[in-house]
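There are 2 protein chains.
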Amino acid sequence: MAVRVPEIDYYSLHGIWGAYGSLVLGRIGRGAGVVVGDVRPPRGGMFVGYRVGRDEPRLLPFSAGVKFGLGASAYREDEVDSSRADSQGGAAYFGPDEIERRVSLSGEEWKAGALSFRVVSFFGEVPDPQAVTPASARSALRPSLLLRLAFDNSGGKGPMTGLFGMQGIRRPLSDSTAGGLLGMAADTSFGFAIRPKAGVEEVMDWSVIEAAFDGGADGSSRPLRRLASEGGLRFTIPAGEKAEYVVALGVYRDGIVTTGLPAHAYHTCLFKDVEDVLESALEDAPESLFRAERVDAILDSSGLSEDRQFLLAHAAHSYAASTELLLAESGESVFVVNEGEYQMMNTLDLTVDQAFWEARFSPWTLRNELESFAERSSYQDGLGIAFAHDQGVDDCFSPVGSSAYEMPGLTDCFSFMSYEETLNWVLSSCVYASLAGDLAWAKGRRVTLAACLRSLRARDANGDGVMDRDSDRCDGGSEITTYDSLDISLGQARNNLYLAVKAWSAFVCLEALFSRMDASPSPESAAAAESARAAARTIAGRMLPEGYIPAVFESDNRSCIIPAIEGLAYPGFCGAPAAVREDGPYGELIKALKRHLGTVLKSGVCLDASSGGWKLSSTSKNTWLSKIFLNQYVAERVLGIEDERTRRDAVHARWLRSGSADYAATDQVDSSTGKDLGSRLYPRLVTSILWLRKD
Amino acid sequence: MAVRVPEIDYYSLHGIWGAYGSLVLGRIGRGAGVVVGDVRPPRGGMFVGYRVGRDEPRLLPFSAGVKFGLGASAYREDEVDSSRADSQGGAAYFGPDEIERRVSLSGEEWKAGALSFRVVSFFGEVPDPQAVTPASARSALRPSLLLRLAFDNSGGKGPMTGLFGMQGIRRPLSDSTAGGLLGMAADTSFGFAIRPKAGVEEVMDWSVIEAAFDGGADGSSRPLRRLASEGGLRFTIPAGEKAEYVVALGVYRDGIVTTGLPAHAYHTCLFKDVEDVLESALEDAPESLFRAERVDAILDSSGLSEDRQFLLAHAAHSYAASTELLLAESGESVFVVNEGEYQMMNTLDLTVDQAFWEARFSPWTLRNELESFAERSSYQDGLGIAFAHDQGVDDCFSPVGSSAYEMPGLTDCFSFMSYEETLNWVLSSCVYASLAGDLAWAKGRRVTLAACLRSLRARDANGDGVMDRDSDRCDGGSEITTYDSLDISLGQARNNLYLAVKAWSAFVCLEALFSRMDASPSPESAAAAESARAAARTIAGRMLPEGYIPAVFESDNRSCIIPAIEGLAYPGFCGAPAAVREDGPYGELIKALKRHLGTVLKSGVCLDASSGGWKLSSTSKNTWLSKIFLNQYVAERVLGIEDERTRRDAVHARWLRSGSADYAATDQVDSSTGKDLGSRLYPRLVTSILWLRKD
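Note that the protein sequences, when read in sequence, are chains A and B. Oh and the first sequence: position 626 is 625 in numbering that gives the first Met the number 0, straight run, nothing missing. Oh and the second sequence: position 431 is 430 in numbering that gives the first Met the number 0, straight run, nothing missing.
No lab work stands behind these hints, which were simulated from the structure alone. Yeah, the Cβ is synthetic: ideal placement off N, Cα and C, and Gly gets one too. Accuracy of the hints is not assured; some may be wrong.
As the list claims (entries may be wrong) - Label pairs and their in silico Cβ distance ranges: (1) B:439 to A:134: 46 to 56 Å; (2) A:437 to B:131: 40 to 50 Å; (3) B:95 to A:222: 24 to 34 Å; (4) A:474 to B:42: 33 to 43 Å; (5) A:177 to B:130: 33 to 43 Å; (6) B:130 to A:222: 54 to 64 Å.
Let the hints inform the model, and build the full structure from the sequences given.
Put into structure tokens, the structure is as follows:
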């Protein structure tokens, strides 16, 4: 069922949808545990293992932890305790060869020796909490995941002791639940628990490994060491038996968590505290596990290669880690996808790429983002409406009409993206209206959509369909694209091939949308068509004798870029499938772009000469996985190029599990080595959902 | 006025009363800034300095910071930015010889070049918020301090640019206050601000030093770099002028912050957010500065040596850092003093030492702690009522009747302190009733006080006034004292000299209290007197021919300890001053203890042979400053021994400013070097308030 991964030493970020919290694990010997309000892997230890009788305890190879809090000797000796680092309490880690790591859409599983440890973190569709009953909302938006520990002592002569524990723990949950739960929590922000049953105990000690395993086989237990900061659950499995335990892990963020637009975490209106979350998660565990099975069936029945299954699952887990559902003081929900390590909020050039994912699993979040941008994060420059790059950073919403990212007077990174973000809002709106079937929403936003069309056309001074005027917000600088860390081939907005095709696509989709919204032909529909035709002509006319279109229509630029075709992704979803057919109204453009792709998709050009992986630009070593996936979809499903040139997934999967193993998932990598170059811990790789499209 | 300190390279912890938050600064080149919910110095940079024209910028020597968040290059280069560490943006630090550091009870001041930087963190008495008007409560319990920056450009030819900034900042306060404040904040938890005025601007950039000083002299400014995590205020001082700015710094802890006894920070019911705190602090700044002057006058008029003034001020600031006022769900306030680096809550053997301080500045907090212990943290063992060591750790309240610290089956550190904590509750109650003049409270607690007396007497099997029975909670182990990290001379409870004198004192104080409470002689008063007499006899009878009393009345122990006299501190405050007079009813005991002190207060015994500082036990190098101060008071003011043997304050002050410079303040130090051995960042050193007693 789940995909067994050949390289097991890489991080996974098991995001808890909407909670801006994750369980992070996977790098051998490196920190593992829970992060809340962040996505960076923690430094603490996590302990999953067992001991048979008096044999040596065996543990999965997560870190035994750095010095975390004070050790016992800080209270009685003259030196701060430093012994804890790398101490493992006499336990032996399983080696990589002894471990089987399997990834599925709902989570992952580690098997080693007599142990199986499964993380179930993704449960599929998330309904709009304001459109369902509170009971359904509690179930769907509960900030929790499940852990399944299975111990096999069927061949054992004596009892087996199992352990699940962590560092950074300060309190036993039996305290606050009058014994209703057994488990451990870190302050009010996260915890894990199980219902009381025979053979399960809380352990808390300076070394939870020692506390769990020393004297464990005879059933004795140590009193809880409440000053310590390691805790866990200890399981006793009688000889000759197997046992399976489902542990809930939950997070909770109390109080106002954002500024600029002050808001609570949405789950605070559904749950009282982390104990409430855990109680509910355990009660619903059978239903959640059933939902996880259905989620896994999506991949199992997809026909995708194992590499693509891995890439999609890995992307899904990291995407969830950056999601944050808020409850504003107005009572409205505000959905945010944070931008991985950069922590920008709802970066609009990510939103457009994540739109396909959200349209599948939570279309209302896409609408929520679009509304929020229209109301809060759009502005008027000298050419019309435009949209900000993002809505803030690190839980600080930027002032209305501004982003955290954009600055005046620049020509590269951190400059304005007025044109591209306006395209992104338009394309995301078209995708939402079509895939969610919500034409009523588009009609309600007709004025904004028409303003966007006017604004986009105003940025094309010569009427050739291609942007050639920078926003005055640049204040002497010039606009850039989402590819802000690449060279000029993808970075400059003006006269840029990638952006020209994306603009063509937006005009095509707008024409279709206005046609569907309006009973009779409208000026907007006609204007959009006019710009689409102009853009198509301009782009196709830029074909060079060598068989490709240069990346920038200026300064004799000769870079070859794959994302020339990126814009072709949208018309098929937005009511204009004919537009991307070679025999359709824009056949010349489509044929030109197909020829372009055929020319550039060669080793040493846009296939990395060393690794064989996709290289977005022939002149930059920096390649972006989210965009590779999106362009793979276009190449294969729109342009019909599907062969060994497009099936480079083994390379791409290896990049994430080796070169960028320290971060889950990394978007920007070195195309020869897969080493992370930026955009770490990123949500955007869910463009891979496009591989699942059946149309 | 304030004391100029000879060693300037040490940390101060400028606690914000009741907020469990501090401004930490002072170690040269080491992290400085704000901590909330903790007392450990932060790793971030703090920037206080100026530039005259195009001269080299000059900064106070706080750290320029470690890598804090992402740098600019993380967004566009292939490597994570590492250049920030130790970068100072082309600025030059003032050297130690150029700096004057002065400490006062209200705060401290740094002067260097044309700059003066003053921290005003302590404002004196704190009223019970539930006994005053909301307006008074807002003023008295506002979680804020003030910073005064003075720049002297009177001799300057061109404009001077001043800077106050920090790392870890994510948002300009002008955003959320519509320009009502200029300043910077880190999420919702802390910020600093000033009212808008000419020549003051917000700066926010990858390097706030560069942003403030580059091009600063011509008045130009950079747009705010909202992705950065450094921010500050930039001041422009025209040529020929001086300028002074008062900046407010505030903290805010939203949501439920504790578990076990779930509670909010008390300030959340008085203030909406950190902006509200800062607005209020700036509005009240003149009044606050006036209160600070009155506070400083306490020390200025004290007649104390400069060393003692420093020790007292340093203690006061660190004590405040550990204070935390909570609002329980019941609507009642719950006061907690956290235990420095150990983070235990209301450790009762600290409460008794801090009682003198609280009786002076916030008697209601002492009552609050006593009530909380009686209701929540007392228990019944086989011998009667006893009190837990503490009420929890790290904002996690322990279950009713238990502490985070105590464990069964032990004979040293982490064992039970049932007897000593019961003494501590009794003595603290007597101190409170007398010094706060609240006999009504004691009458309301008469049953508990009587139960304590019975319990204490029950722990003395042979009726000699000295504890000889361990609590059954020890489960085979044996009780210890607050001196848990010292050797047996002070560590074992049973037959311990220190504890015997403290018990004698408790019996004396109880006799006095019962006599005052009751119209006619009571059985309790008589019983207390009986035990006091027995204890006095026993202790005095243990005098050795060498002229001292051994630390433990067992196993031929021959340790010499200073805290033999510690218990003599209380009767004078608790209505029994005659009890500590050589010509009083316990004259023999007093004379014996005076002889004892004279014997042990010698170099190589209880004066460290190398440093000359006080050494609590002849057999341990670990000495505790809080207890030194308390015993100095007894030696000088109760026993009348006040000469070069008791005036070792220069040594003790140097310990804190050199050996333990990394922590403010450290209680447990090596008596030869002053190196910190434990109890770092500690609140307990406010026993030094006793030096101020006029009686």
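Consistency of the hints with the structure:
Remark: the range hint 46 to 56 Å for residue 439 of chain B to residue 134 of chain A is upheld by a beta-carbon distance near 52 Å. For residue 437 of chain A paired with residue 131 of chain B, a C-beta distance near 56 Å fails the hint of 40 to 50 Å. A hinted range of 24 to 34 Å is violated for the C-beta pair residue 95 of chain B and residue 222 of chain A, which are about 50 Å apart. For residue 474 of chain A and residue 42 of chain B, the hinted distance range of 33 to 43 Å is satisfied, since their beta carbons lie about 36 Å from each other.
One distance hint, 33 to 43 Å for the beta-carbon pair residue 177 of chain A and residue 130 of chain B, holds here, with the actual separation near 34 Å. A C-beta distance of roughly 41 Å is found between residue 130 of chain B and residue 222 of chain A, which places it outside the suggested range of 54 to 64 Å.
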